[in-house]
Amino acid sequence: MNYVHLVAVIAIFQFFYFGIMVGRARGQYGVAAPATSGHEMFERAYRVQMNTLEQLVCFLPALLLAGVYWPNSVIAGVGVIYLVGRFIYATAYMKDPAKRGPGFALSILPTFGLLGATGVGVFMG
Amino acid sequence: MNYVHLVAVIAIFQFFYFGIMVGRARGQYGVAAPATSGHEMFERAYRVQMNTLEQLVCFLPALLLAGVYWPNSVIAGVGVIYLVGRFIYATAYMKDPAKRGPGFALSILPTFGLLGATGVGVFMG
Amino acid sequence: MNYVHLVAVIAIFQFFYFGIMVGRARGQYGVAAPATSGHEMFERAYRVQMNTLEQLVCFLPALLLAGVYWPNSVIAGVGVIYLVGRFIYATAYMKDPAKRGPGFALSILPTFGLLGATGVGVFMG
Chain A
-15 MNYVHLVAVI AIFQFFYFGI MVGRARGQYG VAAPATSGHE MFERAYRVQM NTLEQLVCFL
45 PALLLAGVYW PNSVIAGVGV IYLVGRFIYA TAYMKDPAKR GPGFALSILP TFGLLGATGV
105 GVFMG
Chain B
-15 MNYVHLVAVI AIFQFFYFGI MVGRARGQYG VAAPATSGHE MFERAYRVQM NTLEQLVCFL
45 PALLLAGVYW PNSVIAGVGV IYLVGRFIYA TAYMKDPAKR GPGFALSILP TFGLLGATGV
105 GVFMG
Chain C
-15 MNYVHLVAVI AIFQFFYFGI MVGRARGQYG VAAPATSGHE MFERAYRVQM NTLEQLVCFL
45 PALLLAGVYW PNSVIAGVGV IYLVGRFIYA TAYMKDPAKR GPGFALSILP TFGLLGATGV
105 GVFMG
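Residue numbers (my numbering), protein chains in the order written: chain A, -15 to 109; chain B, -15 to 109; chain C, -15 to 109.
Source of the hints: derived by calculation from the structure; they are not laboratory data. The reader is advised that the hints may include incorrect statements.
Pairs involving identical chains hold if they fit within one copy or between any two copies, as the list cannot separate such chains.
[What the hints assert, rightly or not] Cross-link-like lysine to any residue pairs, in silico, SDA-like; alpha carbons within 25 Å at most: (1) K83 to F71; (2) K83 to N56; (3) K83 to A17; (4) K83 to M108; (5) K83 to P18; (6) K83 to L(-10); (7) K83 to Q12; (8) K83 to H23; (9) K79 to N(-14); (10) K83 to A16; (11) K83 to G109; (12) K83 to M(-15); (13) K79 to E24; (14) K83 to W54; (15) K79 to G100; (16) K83 to R8; (17) K79 to M(-15); (18) K79 to A19; (19) K83 to V58.
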């Protein structure tokens, strides 16, 4: 079974979930589109989504490329760390933006690892 | 012929087109970079681009992964619904942000379908 | 050696680098999260990152898809132009947003070329 593809699918659904949180925050805090500011709590939800967008754009190709060179289950395992890290990031950011560090590290470091693994894989042929 | 790749190429060109609309709106409504607010119509064009960015990051991997498991022409057909949905979304948003719902649904549902199809494909091996 | 994958990895690291610049600018110009405005220099760094995000979402699939149809080294070479173009874009934008044109062209034109090459490749089968 291709666990890497499964992690990719879950990562995209996770991002959609953060997007739903933004839509909910629009209603809850009265920030009508196209505005993206106006209430601190809306802005937090929006930043969680935007930061996850930035991470996802890097994570997905890194995951799929690393999967070309390394065992599927190992790469998928690294991907799960990203998923957990993002969840921690989102929860912490909504409570207090200053505490977003650990979740951020837990989602960016797996991507760095996957990129490094891809680089090594490329050089090893 | 790989219709899935063709849909991917068209989806990227569509996104570039929305980016050109933002550039044009900068001049038209006097919103100089790096500002991303200042005129309602510019903000609408910018939100169309940003929302399409969010969608594209999910749609492209979903499209390509689903194409691994399912017939090329079927997956490409689902992708065409996304392309039409995004076009409707952009047109409606520029007229009235409150009317962005149908186009939004028509572009997010195909992606959900592609992700579901990928998930089923993974489990079926 | 898969040069295309190597260019993809470098492009993602380049984007992360622009993200680090935004984090640094937050501290330097006193723009605490979740705000994304408040100081011109922060906004420039943020726009460099966001514009690169927009470009990367298009460049990476275009690069990998073109690599399916055309020689690895040629496609990777086109990708290197993108990398240089983005570097010029970022440097110029931080100095003066009005001078972002040449670097922008040097990173968007390679992507157009890759998309065109993919399209031709699809039709040629």
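At most 25 Å between C-alpha atoms: does K83 with V58 qualify within a copy, between copies, both, or neither? neither (29 Å within a copy, 45 Å between copies)
If the cut is 25 Å between Cα atoms, do K83 and A16 qualify within a copy, between copies, both or neither? between (28 Å within a copy, 12 Å between copies)
Between the shortest in-copy and the shortest cross-copy C-alpha distance, which are at most 25 Å for K79 and M(-15): within, between, both, or neither? Neither: 37 Å inside a chain and 46 Å across chains, both beyond 25 Å.
Under a CA distance limit of 25 Å, which applies to K83 and M(-15): within one copy, between copies, both, or neither? Classified as neither; 37 Å inside a copy, 42 Å across copies.
Up to 25 Å CA-CA - G100 versus K79, copy category: neither (33 Å within a copy, 32 Å between copies)
At 25 Å max between alpha carbons, let me know whether K83 reaches G109 within a copy, between copies, both or neither. neither (41 Å within a copy, 41 Å between copies)
K83 and P18: within-copy, between-copy, both or neither at 25 Å Cα: between (28 Å within a copy, 12 Å between copies)
How do K83 and H23 come out at 25 Å by Cα distance, when the copy is not named: within, between, both, or neither? both (19 Å within a copy, 23 Å between copies)
Under a CA distance limit of 25 Å, which applies to K79 and N(-14): within one copy, between copies, both, or neither? neither (36 Å within a copy, 44 Å between copies)
Regarding K79 and E24, is the shortest C-alpha distance of 25 Å or less found within a copy, between copies, in both, or in neither? Classified as within: same-chain Cα gap 11 Å, cross-chain 28 Å, threshold 25 Å.
When no copy is specified for K83 and A17, does a C-alpha distance of 25 Å or less occur within a copy, between copies, both, or neither? between (28 Å within a copy, 11 Å between copies)
With identical chains, the pair K79 and A19 could be close in the same copy or across copies; at 25 Å between alpha carbons, which is it: within, between, both, or neither? both (22 Å within a copy, 16 Å between copies)
Going down the numbered hints, you'll see the structure goes against 2, 4, 6, 9, 11, 12, 14, 15, 17, 19, while the others check out.
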